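Asks: As a plain string of letters, each chain reads:
4 protein chains.
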Amino acid sequence: MEVDTLPTSSKTMLNKFLSVRGLTEELCSPLLAEDYVVQPIADVSPPKWHLGHTTWFFEEFILSKQKKYKRFNDSFAFVFNSYYESVGEKIIRTNRGNLTRPVTSKVYEYRAYVNEHMFKLFNSSQLNEFEYLIEIGLNHEQQHQELLQMDIKYILGNNPLFPSYRQNPIEQTPESEDKSFLNIKEGVYTIGHSTDSFCYDNELNNHKTYIQNFEISNTLITNEEWIEFINDGGYKNFIHWHSEGWTWVNENKITAPLYWHKINNQWQNYTLSGLKPVNKKAPVNHISYYEAYAFAEWKKMRLPTEFEWEVASNKFTWGKAWEWTQSAYLPYPGFKKADGALGEYNGKFMVNQMVLRGASIATPKNHSRNTYRNFFHPHLRWMYSGLRLVK
Amino acid sequence: MEVDTLPTSSKTMLNKFLSVRGLTEELCSPLLAEDYVVQPIADVSPPKWHLGHTTWFFEEFILSKQKKYKRFNDSFAFVFNSYYESVGEKIIRTNRGNLTRPVTSKVYEYRAYVNEHMFKLFNSSQLNEFEYLIEIGLNHEQQHQELLQMDIKYILGNNPLFPSYRQNPIEQTPESEDKSFLNIKEGVYTIGHSTDSFCYDNELNNHKTYIQNFEISNTLITNEEWIEFINDGGYKNFIHWHSEGWTWVNENKITAPLYWHKINNQWQNYTLSGLKPVNKKAPVNHISYYEAYAFAEWKKMRLPTEFEWEVASNKFTWGKAWEWTQSAYLPYPGFKKADGALGEYNGKFMVNQMVLRGASIATPKNHSRNTYRNFFHPHLRWMYSGLRLVK
Amino acid sequence: MEVDTLPTSSKTMLNKFLSVRGLTEELCSPLLAEDYVVQPIADVSPPKWHLGHTTWFFEEFILSKQKKYKRFNDSFAFVFNSYYESVGEKIIRTNRGNLTRPVTSKVYEYRAYVNEHMFKLFNSSQLNEFEYLIEIGLNHEQQHQELLQMDIKYILGNNPLFPSYRQNPIEQTPESEDKSFLNIKEGVYTIGHSTDSFCYDNELNNHKTYIQNFEISNTLITNEEWIEFINDGGYKNFIHWHSEGWTWVNENKITAPLYWHKINNQWQNYTLSGLKPVNKKAPVNHISYYEAYAFAEWKKMRLPTEFEWEVASNKFTWGKAWEWTQSAYLPYPGFKKADGALGEYNGKFMVNQMVLRGASIATPKNHSRNTYRNFFHPHLRWMYSGLRLVK
Amino acid sequence: MEVDTLPTSSKTMLNKFLSVRGLTEELCSPLLAEDYVVQPIADVSPPKWHLGHTTWFFEEFILSKQKKYKRFNDSFAFVFNSYYESVGEKIIRTNRGNLTRPVTSKVYEYRAYVNEHMFKLFNSSQLNEFEYLIEIGLNHEQQHQELLQMDIKYILGNNPLFPSYRQNPIEQTPESEDKSFLNIKEGVYTIGHSTDSFCYDNELNNHKTYIQNFEISNTLITNEEWIEFINDGGYKNFIHWHSEGWTWVNENKITAPLYWHKINNQWQNYTLSGLKPVNKKAPVNHISYYEAYAFAEWKKMRLPTEFEWEVASNKFTWGKAWEWTQSAYLPYPGFKKADGALGEYNGKFMVNQMVLRGASIATPKNHSRNTYRNFFHPHLRWMYSGLRLVK
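Residue numbers (numbering that gives the first Met the number 0), protein chains in the order written: chain X, 0 to 390; chain B, 0 to 390; chain F, 0 to 390; chain A, 0 to 390.
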């Protein structure tokens with residue numbers, strides 16, 4: 000490929016393409032062949048599937064629009080489609096972990112094949128018309144990079160041998176000890192993405208909102224504070240919980256964050272470096288919305304709304320864990336879905352989910368901004384999720 | 000009871016008490032003995048249970064606080080508690096329909112017994128300290144009057160004999176034909192209850208909010224418009240639906256509003272007067288949030304937020320059907336739960352539910368106001384629920 | 000009706016008809032209106048349904064075959080069919096308890112109407128051709144009389160008020176104290192119904208079978224022996240149980256027979272006369288096959304086969320409780336299904352069920368014989384079931 | 000290892016050990032790394048698990064009884080125990096397919112390690128006392144060789160790419176065209192294992208049974224006959240089915256044997272050599288007991304009992320498919336469980352299952368005899384199961 004002859008903007012995009020596509024494979028490099036295949040719960044996808052699905056996205060929405068392009072394998076569209084109803088049949092989600100074929104090496108071939116055809120596109124006059132879709136495809140793959148790390152952790156962390164994925168337990172970075180509450184004044188504020196840079200449709204429109212006075216903590220809740228909650232019977236007293244949260248706690252016998260194990264009377268947690276004693280100074284991680292809410296009730300405080308969070312976000316450090324807000328995932332005023340299959344990206348999930356703001360240790364660099372709206376169902380906690388309080 | 004000697008405010012409250020308690024029994028008067036007992040789905044409670052539960056509320060929160068009061072039957076607290084975790088054990092919800100004892104006549108005796116002791120309270124010096132709780136108890140019973148009518152309709156409407164409950168099919172009142180969209184200007188508006196009169200905790204605090212320009216219909220969507228949606232394949236095209244809505248439609252084989260039956264190629268619906276041809280001019284009723292959303296998408300419009308609804312509500316007629324909004328049920332700024340068991344009234348349900356505004360043909364008189372926040376899970380539709388659009 | 004003019008055989012049958020039909024209503028006479036309606040688990044049917052279903056049987060298989068007969072209500076065939084696939088649509092079993100209409104008084108009218116038309120038949124020349132079907136209909140109703148008593152016990156016995164159904168707790172009749180084992184010699188024996196009298200198709204053909212030497216107890220296992228099993232950890236040691244039995248015990252947290260409650264450290268059980276201390280000398284009752292098997296294993300003995308039981312049955316007293324055998328419910332050599340809907344009576348249930356022999360305190364007089372094959376799934380225990388051991 | 004110095008009987012056993020252990024690995028040799036890991040349904044185990052579990056059996060019941068033996072890895076006992084409740088904790092069955100570690104290469108190391116220690120035992124004076132357990136261990140591994148082939152077929156056959164496992168589609172061997180019914184005379188016959196050679200506990204005691212006259216087909220039902228059944232609406236007419244079979248057909252939308260696909264109006268089936276047109280002359284395979292029974296009913300014949308089958312078995316050829324009998328899996332007279340964990344081998348499964356007799360194309364050589372009792376639940380059909388009729 001003759002990179003030198005490319006115009007600067009194409010070069011920039013190509014470099015981004017190379018970097019994002021490369022990182023996905025780098026994240027998989029510590030895996031053994033067996034780790035690529037399984038799906039222990041419906042929410043978790045096999046790493047092999049992420050490798051294929053992010054590749055299929057470029058094939059389906061970009062390459063296949065070009066007359067001469069020949070798909071790598073016609074059946075892959077079926078195997079690697081995730082939830083796009085507009086684009087033909089798809090494997091039902093709970094079946095992904097039963098597919099031993101195509102094998103992983105074949106999926107890597109698929110990646111190379113699609114990359115190669117993308118390189119041709121970068122060199123062609125057609126690049127312009129696909130720029131926006133490439134941008135989407137790369138952001139999409141970055142989202143899957145975080146999912147990949149969540150899923151790998153779930154697969155290894157639920158194995159009785161607790162295998163290690165990497166040396167450095169980055170989940171254990173301590174939170175600042177210099178704790179205080181920041182005061183934000185009542186008034187009309189502007190919310191949502193406002194620059195020319197890339198954002199998802201759910202960050203638009205940029206719009207005015209009215210916010211009351213509030214005070215927000217400059218630090219995340221730590222494991223130490225969470226242990227106090229546990230020791231004070233937090234998981235055993237319905238008074239702190241939503242009615243559905245209380246049912247969830249009892250049906251699933253929840254007594255601590257995900258990955259925590261009490262061994263010889265000490266709290267250990269599974270990190271990507273294996274089982275380690277819980278670091279009390281690190282932010283609590285892997286909690287559900289139900290737990291975040293119950294903790295806030297116990298503290299007689301509350302979670303911020305996503306608007307409060309966005310308004311205050313430039314006054315504190317964020318990025319160690321996604322932060323639950325008390326905002327439901329709903330459309331902004333003037334929200335518009337894209338036409339066609341890409342319109343299925345966000346809008347159809349805007350019910351029964353809660354917004355998380357910020358970013359986590361698993362979020363790729365260059366994939367975070369203070370208008371980004373992440374969202375999960377209130378009972379889920381395999382993502383890197385923590386909380387910050389408001390009073 | 001010597002009513003004449005009561006001070007005026009006590010008399011007013013007593014009259015309200017007599018009127019509310021009487022209406023509950025009046026609503027049950029068309030029922031046959033068998034109708035009082037069953038619970039065809041978990042959401043529906045047996046009429047006998049409503050009669051007992053609304054009575055238990057006065058016994059538990061008012062009468063039992065008085066030293067001399069002797070409970071009618073100690074086991075009733077167990078049988079008729081609904082969801083108050085603070086107040087001892089309770090029958091699990093799905094079991095209510097298996098309890099043939101206490102029989103209905105015994106429950107009516109229970110009502111008379113509690114009424115009698117309440118009369119004594121009205122005559123006593125203690126009335127003052129219980130006034131607020133009586134107000135709550137009466138509002139609580141009015142809520143159950145609407146539930147009672149929903150549940151009776153479900154019980155009779157799912158019987159293959161389609162029995163009639165009353166003469167007049169009030170569901171069939173036509174909507175005005177004079178349709179238009181009302182324009183509301185952008186700006187800061189005040190939302191929530193602001194007068195001295197009774198309201199629930201979830202209507203507070205009264206607070207400012209910023210609203211963008213919008214246009215809202217002065218009429219509800221009619222059955223005629225809904226039939227167009229059906230005929231245009233609305234239930235068969237995923238593009239209009241939330242992802243979870245689409246799953247719901249398919250798993251439950253939904254093809255029309257609840258209680259609709261296509262007989263000899265004509266749409267009939269079960270009304271409280273039995274099976275009747277669908278009145279095309281009447282507002283559509285008994286639809287889920289998923290359906291309301293899909294309809295709005297199909298129309299290329301949207302549902303109002305609950306704030307938009309409240310701001311515009313004095314400009315149109317409402318009250319024929321609860322109106323789905325696109326707002327999730329969340330706390331207002333400054334929301335405070337009451338202490339003790341009454342604190343369980345609203346706050347613990349503020350997750351996974353959507354707000355409906357307005358009132359319906361089954362809402363008791365004097366129990367509606369434009370700040371009232373009703374709420375249900377997005378898949379439910381046995382309540383009298385319709386929709387109004389915004390563009 | 001002019002009974003005097005009837006021929007003797009018709010009179011005998013008429014008397015049986017009157018007696019059987021009357022007993023069903025007598026069994027219901029202690030019930031209150033509410034008790035007739037509910038269905039707390041899928042296996043239990045509402046008493047109202049039994050009243051209607053046994054009546055429908057005569058209407059469907061006898062009266063409706065006569066040209067002039069006009070059905071009482073056309074929709075009843077739908078409501079009261081149980082499982083006969085040949086005879087049109089039916090209410091699904093789990094829905095029986097949601098039908099408040101037809102009300103019980105209407106079902107009693109239905110019974111009277113069908114009885115009246117049956118009386119006409121007894122007086123007519125057609126009687127002959129229907130004699131066999133009437134015999135079946137009466138035996139069918141007798142089977143439902145036992146089910147009725149099982150279902151009533153379940154409905155009342157799972158009510159927190161433990162209401163009484165009748166004065167005399169017949170479940171508590173003590174077993175003889177004169178315990179011994181009877182010796183039966185090896186050889187070829189004949190099994191199955193062999194006389195002209197009525198039997199079900201599953202008791203045929205009468206056929207030879209080879210039986211090895213065995214010794215069978217002359218008494219049933221008593222509550223006292225069962226308490227020893229409990230106290231020895233019988234419910235907590237997998238070694239005694241089938242693999243599926245062990246799963247059943249753990250998933251359902253089974254620790255004692257159905258209807259037993261440990262109150263103030265004493266075993267009480269619900270009888271049709273209310274809650275009573277367990278009578279240690281009475282036979283154990285309301286146990287599943289899994290429990291019967293586990294008990295036998297614990298005793299280092301075994302259950303008899305149904306053939307052993309039949310061969311030995313004239314040497315001991317039976318009739319207090321149905322006795323689990325270790326025989327699966329399978330066809331006898333030469334088994335033939337009847338033509339038409341009556342062919343659905345027995346054959347289609349011959350899989351996954353175990354045979355019980357004998358009779359119980361709830362079995363109608365004149366409805367027991369030592370060739371009778373009762374059958375239930377191995378986890379069920381709301382019938383009057385006990386056990387006798389073999390070594 | 001000095002084989003030459005071994006006594007003859009030890010050499011024979013060693014050779015058998017080498018041959019059986021080798022075959023398991025040979026059966027896995029066509030698999031790719033990913034195929035070893037998954038568990039698409041609870042009944043199917045990952046090939047990796049079979050490799051480990053059959054090895055664990057020798058470690059647990061033989062090697063670990065020797066003082067000096069050091070386990071390969073202490074956690075493997077937990078990972079590879081199947082259902083032996085006596086031997087500590089075990090991984091729940093539905094979780095086997097989520098374990099990516101230990102990886103397959105580690106499991107092969109485990110096999111080598113255990114083999115090596117077994118070789119030492121063959122050379123030692125202790126061999127005598129373990130001979131019976133080795134025999135059991137080898138038979139156990141042979142059983143798993145058949146399960147392995149069933150599970151591999153399920154894993155590959157439910158993959159949308161239909162990968163091939165081996166060249167020769169042995170499922171397609173035609174049945175003889177020379178069809179006739181063999182006549183067996185009424186009388187007392189002896190059933191069960193009677194020689195000194197190895198058998199399972201469930202084949203004992205050898206005992207007398209009485210058998211009526213019957214005629215049994217010398218051939219298995221073919222695919223051609225099964226297609227007639229399908230074309231005659233066999234799957235759509237309840238009259239042929241058990242009540243529970245009919246529910247199974249409808250809930251699972253069963254319309255043909257497992258692995259059959261109608262493509263361009265022609266029946267194809269997945270074989271271990273990939274998707275092939277159904278061979279009409281080959282015996283039907285992969286049917287449930289419910290289907291076998293329904294087919295027999297449709298033919299107005301029946302399945303043999305397991306006793307009839309055993310008595311007639313030397314008069315026809317068998318071994319292409321396991322043959323459903325109409326016998327439930329129950330203990331023979333005098334059946335005794337072994338002491339300790341091996342007592343869990345068979346007895347605890349003797350409820351809710353049906354007996355199959357014969358052997359299949361997947362049964363290892365030297366692992367079939369006409370007294371062998373195979374058993375499965377009536378709805379299962381991933382084994383190589385067919386049927387033979389009796390009239």
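Keep in mind that a hint or two might mislead.
Which copy is meant is left open, because identical chains are indistinguishable; a pair holds if it fits in one copy or across any two.
[As the list claims (entries may be wrong)] BS3-like cross-link-like pairs, simulated, lysine-lysine; straight-line CA separation at most 25 Å:
{"id": "1", "residue 1": "Lys207", "residue 2": "Lys105"}
{"id": "2", "residue 1": "Lys235", "residue 2": "Lys64"}
{"id": "3", "residue 1": "Lys335", "residue 2": "Lys275"}
{"id": "4", "residue 1": "Lys69", "residue 2": "Lys314"}
{"id": "5", "residue 1": "Lys298", "residue 2": "Lys336"}
{"id": "6", "residue 1": "Lys299", "residue 2": "Lys335"}
{"id": "7", "residue 1": "Lys69", "residue 2": "Lys178"}
{"id": "8", "residue 1": "Lys235", "residue 2": "Lys335"}
{"id": "9", "residue 1": "Lys279", "residue 2": "Lys105"}
{"id": "10", "residue 1": "Lys184", "residue 2": "Lys279"}
{"id": "11", "residue 1": "Lys275", "residue 2": "Lys261"}
{"id": "12", "residue 1": "Lys299", "residue 2": "Lys275"}
{"id": "13", "residue 1": "Lys207", "residue 2": "Lys184"}
{"id": "14", "residue 1": "Lys280", "residue 2": "Lys66"}
{"id": "15", "residue 1": "Lys184", "residue 2": "Lys364"}
{"id": "16", "residue 1": "Lys178", "residue 2": "Lys235"}
{"id": "17", "residue 1": "Lys298", "residue 2": "Lys67"}
{"id": "18", "residue 1": "Lys15", "residue 2": "Lys314"}
The hints are simulated quantities; they were obtained by calculation from the structure and are not laboratory data. Because the structure is a prediction, the values reported are computed rather than measured.
Asks: Indicate, hint by hint, whether the structure satisfies it.
Replies: Comparing the hints with the structure gives:
1. In this assembly of identical chains, the alpha carbons of Lys207 and Lys105 never lie at most 25 Å apart, being 50 Å within a copy and 58 Å across copies at closest.
2. Taking the closest pair of Cα atoms, Lys235 and Lys64 never come within 25 Å of each other, the shortest separation being 56 Å inside a single copy and 27 Å across copies.
3. For the identical chains of this complex, Lys335 and Lys275 are neighbours neither inside a copy (46 Å) nor across copies (40 Å), given an alpha-carbon limit of 25 Å.
4. Proximity of Lys69 to Lys314 under the C-alpha cut-off of 25 Å is found in neither arrangement, the shortest distances being 51 Å within a copy and 59 Å between copies.
5. Within a single copy, Lys298 and Lys336 get their C-alpha atoms only as close as 39 Å, which misses the 25 Å cut-off; across copies the closest is 14 Å, which meets it.
6. In the homo-oligomer, the alpha carbons of Lys299 and Lys335 lie at most 25 Å apart only across protomers (10 Å), although the nearest pairing inside one protomer, at 38 Å, exceeds that limit.
7. Neither within a single protomer nor between protomers do Lys69 and Lys178 lie at most 25 Å apart by alpha-carbon distance, with minima of 58 Å and 53 Å respectively.
8. Taking the closest pair of Cα atoms, Lys235 and Lys335 come within 25 Å of each other only across two copies (22 Å); inside a single copy the shortest separation is 43 Å, beyond that limit.
9. Taking the shortest Cα distances, Lys279 and Lys105 never come within 25 Å of each other, neither inside one copy (44 Å) nor across copies (36 Å).
10. When the C-alpha separation of Lys184 and Lys279 is checked against a cutoff of 25 Å, the pair qualifies neither within a copy, at 33 Å, nor between copies, at 51 Å.
11. For the identical chains of this complex, Lys275 and Lys261 are intra-copy neighbours only, at 11 Å inside a copy versus 45 Å across copies, given an alpha-carbon limit of 25 Å.
12. In the homo-oligomer, the alpha carbons of Lys299 and Lys275 never lie at most 25 Å apart, since the shortest distance is 31 Å inside one protomer and 50 Å across protomers.
13. Proximity of Lys207 and Lys184 under a CA criterion of 25 Å is satisfied in both settings, with 15 Å inside one chain copy and 14 Å between copies.
14. In this assembly of identical chains, Lys280 and Lys66 lie within 25 Å of each other by CA distance neither inside one copy nor across copies; the values are 57 Å within and 47 Å between.
15. For the homomeric pair Lys184 and Lys364, neither the shortest alpha-carbon distance inside one copy (32 Å) nor that between copies (41 Å) is at most 25 Å.
16. Taking identical chains as interchangeable, the C-alpha atoms of Lys178 and Lys235 are never at most 25 Å apart, the minima being 28 Å within one chain and 52 Å between chains.
17. Taking identical chains as interchangeable, the C-alpha atoms of Lys298 and Lys67 are never at most 25 Å apart, the minima being 62 Å within one chain and 38 Å between chains.
18. Proximity of Lys15 to Lys314 under the C-alpha cut-off of 25 Å is found in neither arrangement, the shortest distances being 30 Å within a copy and 54 Å between copies.
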